[in-house]
Amino acid sequence: MLRSKIGMALTLLIIMSLFISACGSQNTGKKTEEKSVDAPARIIKHAMGSTTITGTPQRIVVLTNQGTESLLELGIKPVAAVKSWIGEPWFDHIKDKMTGVQVIGNETQPNLELIASLKPDLILGTKVRQEKVYPQLSSIAPTVFTENLGDSMLENFKLYAQALNKESEGAAALENYNQAIQQTKAALGDKTKLRISLARFQPGKVRVYYKNNFAGVILDQIGFARPEAQNKNDFSADVAMEQITVLDGDVFFYFTSDREGETGATKTTDEWLKSPLGQNLNVVKKQRAFNVNEPIWNTSGGIIAAKLLIEDIKVRFDKLSL
Numbered sequence: 001m002l003r004s005k006i007g008m009a010l011t012l013l014i015i016m017s018l019f020i021s022a023c024g025s026q027n028t029g030k031k032t033e034e035k036s037v038d039a040p041a042r043i044i045k046h047a048m049g050s051t052t053i054t055g056t057p058q059r060i061v062v063l064t065n066q067g068t069e070s071l072l073e074l075g076i077k078p079v080a081a082v083k084s085w086i087g088e089p090w091f092d093h094i095k096d097k098m099t100g101v102q103v104i105g106n107e108t109q110p111n112l113e114l115i116a117s118l119k120p121d122l123i124l125g126t127k128v129r130q131e132k133v134y135p136q137l138s139s140i141a142p143t144v145f146t147e148n149l150g151d152s153m154l155e156n157f158k159l160y161a162q163a164l165n166k167e168s169e170g171a172a173a174l175e176n177y178n179q180a181i182q183q184t185k186a187a188l189g190d191k192t193k194l195r196i197s198l199a200r201f202q203p204g205k206v207r208v209y210y211k212n213n214f215a216g217v218i219l220d221q222i223g224f225a226r227p228e229a230q231n232k233n234d235f236s237a238d239v240a241m242e243q244i245t246v247l248d249g250d251v252f253f254y255f256t257s258d259r260e261g262e263t264g265a266t267k268t269t270d271e272w273l274k275s276p277l278g279q280n281l282n283v284v285k286k287q288r289a290f291n292v293n294e295p296i297w298n299t300s301g302g303i304i305a306a307k308l309l310i311e312d313i314k315v316r317f318d319k320l321s322l
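If you use our numbering, the sequence shown corresponds to residues 1 to 322, in order.
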């Protein structure tokens with residue numbers, strides 16, 4: 001009889017435990033569901049209008065090299081991204097952080113079918129590259145576009161952070177960036193009076209870079225002077241050999257468009273800088289013409305590259321005198 005009562009008591013205890021556990025699971029499920037439903041909707045204004053985003057996106061697809069660096073700076077690895085302009089498939093300075101990220105084409109030709117199959121909850125792109133496919137992208141997931149790239153890196157970073165629901169983290173990253181600018185400016189002192197020339201060599205073509213481009217904006221933020229011929233609020237312009245003097249200045253930074261195994265841009269560089277006209281440039285005579293990293297100074301356009309560019313400047317100018 002006693003054994004029977006003990007057995008019944010144990011059975012009741014087990015049943016009650018299971019009941020309480022089940023109730024707890026149901027309540028947890030309800031709380032998770034309520035949290036998802038109750039997450040405030042955020043309206044993000046961007047280049048293509050307004051997009052409503054609920055909660056914090058988890059599966060992000062990014063369609064610009066600049067956007068990829070913005071996510072990484074915020075501690076987020078995208079589900080998928082367009083390949084880097086240089087590298088297989090990523091720039092050297094970010095490849096260690098991109099393990100497992102799906103490649104979805106390039107900036108000018110993203111693979112829409114592949115993007116849809118990944119079921120993203122946010123797509124980040126740019127009007128200047130993907131305006132025509134915005135309707136298709138926005139039918140896949142909430143989509144936010146910047147107006148352009150290049151000289152608007154900081155503004156775009158703020159937009160990305162807003163869309164990602166990471167505004168406080170974004171503000172902290174921008175504060176760190178601005179501190180790096182100010183510290184570099186202070187360390188350089190009067191060296192910022194040196195006129196910085198900037199250009200890109202491509203196969204059979206040379207392009208001078210003015211102030212409204214990625215590197216030009218950073219040089220301006222640090223406070224560098226520019227040669228009179230380059231001190232323009234514009235992006236760039238192609239120049240002919242007869243105009244080679246526009247490349248002159250106190251210091252000349254140039255980058256070449258050669259990808260791995262290519263030599264066309266290097267050939268153009270030699271044809272220009274080793275020519276009699278090139279050898280007559282003050283920057284060449286004084287050995288102050290420097291070939292700098294193309295992804296860091298030009299093609300990446302992201303905040304990680306920007307910080308590396310600042311470091312490059314500090315190292316190079318530490319060895320230069322007025």
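What the hints contain is simulated information worked out from the structure, not anything from laboratory work. Mixed in with the good hints, there may be bad ones.
Derived pair list, reagent style DSS-like, types lysine-lysine, alpha-carbon separation capped at 30 Å [unchecked claim]:
id	residue 1	residue 2
1	K45	K314
2	K185	K45
3	K97	K286
4	K83	K45
5	K185	K83
6	K211	K314
7	K191	K286
Verification of the supplied hints:
1. In summary, the hint linking K45 to K314 is not supported, as the alpha carbons are separated by about 37 Å, beyond the 30 Å threshold.
2. Distance restraint check for K185 and K45: the Cα-Cα separation of roughly 34 Å exceeds the 30 Å cut-off, and the hinted pair is therefore not satisfied.
3. Our distance criterion of 30 Å between C-alpha atoms is broken by K97 and K286, whose separation comes to about 39 Å.
4. Annotation: proposed proximity of K83 to K45 holds, straight-line Cα distance about 27 Å (limit 30 Å).
5. The suggested pairing of K185 with K83 is violated, with an alpha-carbon distance near 33 Å, which exceeds 30 Å.
6. Restraint check: the Cα-Cα separation between K211 and K314 comes to about 20 Å, which is no more than 30 Å; the hinted pair holds.
7. With a C-alpha separation of about 16 Å, the suggested pair K191 and K286 falls inside the 30 Å cut-off, and the hint holds.
Violated hints for the displayed structure, listed by number in ascending order: 1, 2, 3 and 5.
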